[in-house]
Amino acid sequence: MIKNALSNTQIDLLGNRLKGGSHTESDLRLLDDYRRSFGAAYEAVVRTLRQRGAVPTGRLAKSTKSIAEKLRRESIRLSQMQDIAGCRIVVENILDQEKLVASLKADFPEAILIDRRDNPSHGYRAVHLIAEISGKPIEIQIRSSLQHLWAEVSEKSSDVLDPTIKYGGGSDSWRERLTKKSQSVAAYEESEKKIAVAVASEEAADAAYKKFENAYAELRKHHLPDHELQEMQKAREDLMSKKKLRERTHQKLRGDSERLRKKNTDLLTEAITWLDRQKRQKQ
Amino acid sequence: MIFLIEYNRSIGVIVTVRDFDDSQRREAEESRLAIELDLNRKGIDHEVVLLEAVSKDALHRTHQRYFADLTALLKSAAGQDE
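Which chain is which? The protein sequence lines are A and B, in order.
In this text, residue positions in the first sequence follow the numbering used here: the first is 1181, and each later residue adds one.
In this text, residue positions in the second sequence follow the numbering used here: the first is 9, and each later residue adds one.
Looking at chain B on its own, in the form it has when it is part of the complex (with noise of 0.2 Å):
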């Protein structure tokens, strides 16, 4: 699966996330450049970036930042000791 995510690094926050099939890369690509572009305009200064992962659960583990709350964070932690 590839993931299209718009981030707001100020304030550590996902602004929209788009999923899409392995076999339509290239409409997540241009999907990307079109926020990207879009924001561009607007002046709006978030990040974009195109992720691929098997499931959603294996994007969580390895990009939790973008994802998760401080206390999922946490909770991932505590499962260290389980």
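Excised from the complex, chain A in its bound form (with noise of 0.2 Å):
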């Protein structure tokens, strides 16, 4: 139950007795408390996102071990923490990932964006809204699908291996792995990119030629004169050699993305091997 909201210095003294490990059971309450004042907060989030059809699964409470980790690891504040109540939304694709954040920026004007795609964090890539209501900060964390892979074998990694893999730690070899395998991740997600481009501009292309054909068939029946009959099957040639070359190039383009898709698989399946082999001979 909270009897009273607690200070920002009474916060930060806690964080520190945290990162120091010195706390006591009575700490372990008040963090108790201070997590549940973010309560009211995350419930208006997680409704919102509702709202918008997006299936959120939220932390309603980081743990005590993650908050005290995180005070050990970065020059941070208890009082300014971000994620201590928070959730996540796993989508199919970076495509959908681009009109949820959009649709969530619109609906948290104020919120606090934060795109790890472009320049990922140790190979993390995914974007972080935060958003604040009545002053408590709540973390929304939006991933496509394979960038949420990634990060499942990333935390893995860190609880089977070395728990410092998150945050740039871990053998050369392994951080190498997991680069890679970000960076695979990455320019599959760029020809997705463009192939959702190309596949917009095929549809108008396609639609330009479709009246030009309508067009062309209504001016023969006027009898043309005959110069200008072959300047216009000229251009329908033109037009045609044309979309011939955009569907060569497009076909190569889903030909790229589908190779880059089994690589991305391939490099998961052997970071997955290696790691239950690891696993079982630690348990």
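Source of the hints: derived by calculation from the structure; they are not laboratory data.
Misleading hints may appear alongside valid ones.
In the DSS-like style, the derived pairs of lysine-lysine whose C-alpha atoms are separated by at most 27 Å in a straight line are [claimed, not checked]:
(1) B:Lys-64 to A:Lys-1245
(2) A:Lys-1346 to A:Lys-1390
(3) B:Lys-50 to A:Lys-1199
(4) A:Lys-1346 to B:Lys-64
From a predicted model like this one, the values you see are computed outputs, not experimental measurements.
These two chains come separately, so use the hints to put the complex back together.
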């Protein structure tokens, strides 16, 4: 039960004790009160997300262990921590991710946007939005399926191999493998975006070609002079050859994209097989 | 649904998992604190988290790390190709 709101000074002193590992049972209760004070803000955010058709999984309370580790790892005070409560949404692909991020930015115009897709954090790629409700920050993680899968492998690697992997630690070889995998996912997602642009332009070009065909058929009924008809035929052939070229280019894009997807799966498979072996040895 | 998870990070396995209805949020929070206090008294370094999802499947999808054996992650990865 929350009796009184804690002051920032009280919160930060509590953070110092957690950081130093000198916390008492009453500190754990105090931290619990602090975590619960995010409840109303969390519910407001989740309600909005559900109205948007998203299926968030919420973390009502960041674990004490994670809070203490973050305080030790980063030069941050407990009162500044922005992910005490939050939620995660995993969408199918990067295109859905972009649509959702755009709509959430409209829902939470004051939210801080952290886009880790182009500048990954130790390979981690995702979009985080920090929405603030009544002074309480709530973190919304938005990931594509592949970004999420990569993050899960990274988290599991941290559990099984070395807890610092998530933050750029661990062995060089494993870090390189994770980085390579992350770059591969990024390349695949870039191809997804290119294909989406190509499909949109193909649809527009097809519509324009159809219009031209209709106009051409109509004009032919009016017995145009030969030279005009020839010009029209030439224009029609040009359009057809451009259409074929476009189709070939898009087919190549799709093929490249498929290969990248396979490469992602192979890299992930390799990583997981190795992690499995390590986990079994540990148990 | 609300899920209360005690997780042993050092070996990557769940120790206990308990679920609650959405209406039992306070009870879930109290249980979380009780587990944490108990672990603290015993000097056991486990992670205790409270997660909320529409279903167990949804939770497994977004937080596979806690539940899945790595082979399940692999299947999920293969699923990307289906």
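Do the alpha carbons of Lys-1346 (chain A) and Lys-64 (chain B) lie within 27 Å of each other, as the hint requires? Holds. Lys-1346 (chain A) to Lys-64 (chain B) sits at ~26 Å (cutoff 27 Å).
Agreement of Lys-1346 (chain A) and Lys-1390 (chain A) with the hint, judged by alpha carbon distance not exceeding 27 Å: 53 Å, violated
Does Lys-1245 (chain A) sit within 27 Å of Lys-64 (chain B), going by the straight-line distance between their CA atoms? It holds: about 24 Å lies between the C-alpha atoms, which stays within 27 Å.
For Lys-50 (chain B) and Lys-1199 (chain A), compute the direct alpha-carbon distance and say whether it is at most 27 Å. Holds - the C-alpha atoms of Lys-1199 (chain A) and Lys-50 (chain B) are around 20 Å apart, at most 27 Å.
Checked against the numbered hints listed earlier, the structure breaks hint 2 alone; every other hint is satisfied.
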